[in-house]
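Engineer: Listed below are the residues making up each chain.
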Amino acid sequence: GAGVSQTPSNKVTEKGKYVELRCDPISGHTALYWYRQSLGQGPEFLIYFQGTGAADDSGLPNDRFFAVRPEGSVSTLKIQRTERGDSAVYLCASSIEGNTEAFFGQGTRLTVV
Amino acid sequence: KQEVTQIPAALSVPEGENLVLNCSFTDSAIYNLQWFRQDPGKGLTSLLLIQSSQREQTSGRLNASLDKSSGRSTLYIAASQPGDSATYLCAVWGTSYGKLTFGQGTILTVHP
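First to last, the sequence lines map onto chains H and L. Here this note's numbering is used: the first residue of the first sequence is 9, the next is one more, and so on. Here this note's numbering is used: the first residue of the second sequence is 2, the next is one more, and so on.
Rather than coming from a laboratory, the hints here were simulated on the basis of the structure. A portion of the hints provided could be inaccurate.
Label pairs and their calculated CB-CB ranges [said to hold, decoys possible]:
| id | chain 1 | residue 1 | chain 2 | residue 2 | range |
| --- | --- | --- | --- | --- | --- |
| 1 | L | Thr6 | H | Gly93 | 34 to 42 Å |
| 2 | H | Val20 | L | Thr59 | 25 to 33 Å |
| 3 | H | Pro69 | L | Glu4 | 17 to 25 Å |
| 4 | H | Ser13 | L | Asn23 | 27 to 35 Å |
| 5 | H | Gly36 | L | Asn19 | 35 to 43 Å |
| 6 | H | Ser95 | L | Asn23 | 24 to 32 Å |
| 7 | H | Glu109 | L | Glu18 | 22 to 30 Å |
| 8 | H | Asn70 | L | Glu16 | 44 to 52 Å |
| 9 | L | Gly84 | H | Gln88 | 37 to 45 Å |
| 10 | L | Lys2 | H | Ser35 | 29 to 37 Å |
These numbers come from a predicted model, not from an experiment. Just so you know, even glycine gets a beta-carbon here, dropped at the ideal spot from N, CA and C.
Work the whole structure out from these sequences, hints included.
Structural biologist: Right, here's the structure in full:
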């Protein structure tokens with residue numbers, strides 16, 4: 009498939025545990041974005057990568073959240089000491105470069121119990 | 002801070018009707034505007050991207066317009082079909098590079 013791929017599609021974890029969410033962007037896309045969507049709301053920005061570097065991480069809610077993109081392709085969103093309030097759908101998107109048409113993956117539904 | 006508002010929040014129409022979804026944004030200094038469709042439990046599907054220098058874009062039965070100076074965009078859907086039922090999201094690319102700001106969406110139901 010040529011689209012953005014996110015794994016896992018669903019993740020249930022216990023409060024306090026560590027989770028990693030993976031995003032495989034469209035090949036050749038230099039820009040990668042993470043968003044979080046709560047039920048009935050529009051997606052909220054978390055972080056934007058241009059290549060390997062985080063160009064804007066102003067949307068990360070606190071220092072329990074961290075994301076990497078070491079080779080400028082696959083990205084991992086990491087959440088430490090998960091809380092019930094972290095439960096949401098985490099969406100990844102990519103585009104050829106920043107501020108151009110973004111293509112989204114199917115999302116990872118995270119449930120913290 | 003950019004804020005995006007979509008009206009109406011929900012819309013139910015019979016099949017075959019033409020309809021208009023509205024989007025407004027508070028900061029007119031945008032780079033691009035993008036409309037998405039989201040089916041229940043799914044990710045977002047890009048419908049149309051309008052660059053800030055453009056007035057409208059068309060794709061099949063969809064037509065999106067942009068009036069940057071007044072901070073408004075509309076999505077026009079012609080001859081609606083039950084398969085058009087979904088949530089439609091408007092999002093703007095602001096001058097803060099790489100950040101899309103979304104509206105809350107319009108939930109559209111087209112009944113046979």
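Engineer: Now tell me, hint by hint, if it's right for this structure.
Structural biologist: Results for each hint:
A hinted range of 34 to 42 Å for the beta carbons of Thr6 (chain L) and Gly93 (chain H) is inconsistent with their spacing of about 25 Å. The hint said 25 to 33 Å for the Cβ distance between Val20 (chain H) and Thr59 (chain L), and at roughly 43 Å that hint is violated. Restraint check, Pro69 (chain H) to Glu4 (chain L): a C-beta distance of roughly 19 Å satisfies the suggested window 17 to 25 Å. Between Ser13 (chain H) and Asn23 (chain L), the C-beta spacing of about 33 Å keeps the proposed range 27 to 35 Å intact.
Checked against the given bound of 35 to 43 Å, the beta carbons of Gly36 (chain H) and Asn19 (chain L), roughly 38 Å apart, stay inside it. Checked against the hint of 24 to 32 Å, the pair Ser95 (chain H) and Asn23 (chain L) passes, with Cβ atoms roughly 31 Å apart. The hint said 22 to 30 Å for the Cβ distance between Glu109 (chain H) and Glu18 (chain L), and at roughly 28 Å that hint holds. A hinted range of 44 to 52 Å holds for the C-beta pair Asn70 (chain H) and Glu16 (chain L), which are about 47 Å apart.
At about 42 Å, the CB distance of Gly84 (chain L) to Gln88 (chain H) agrees with the hint of 37 to 45 Å. Distance hint check for Lys2 (chain L) and Ser35 (chain H): the Cβ-Cβ separation is about 34 Å, which falls inside the suggested range of 29 to 37 Å.
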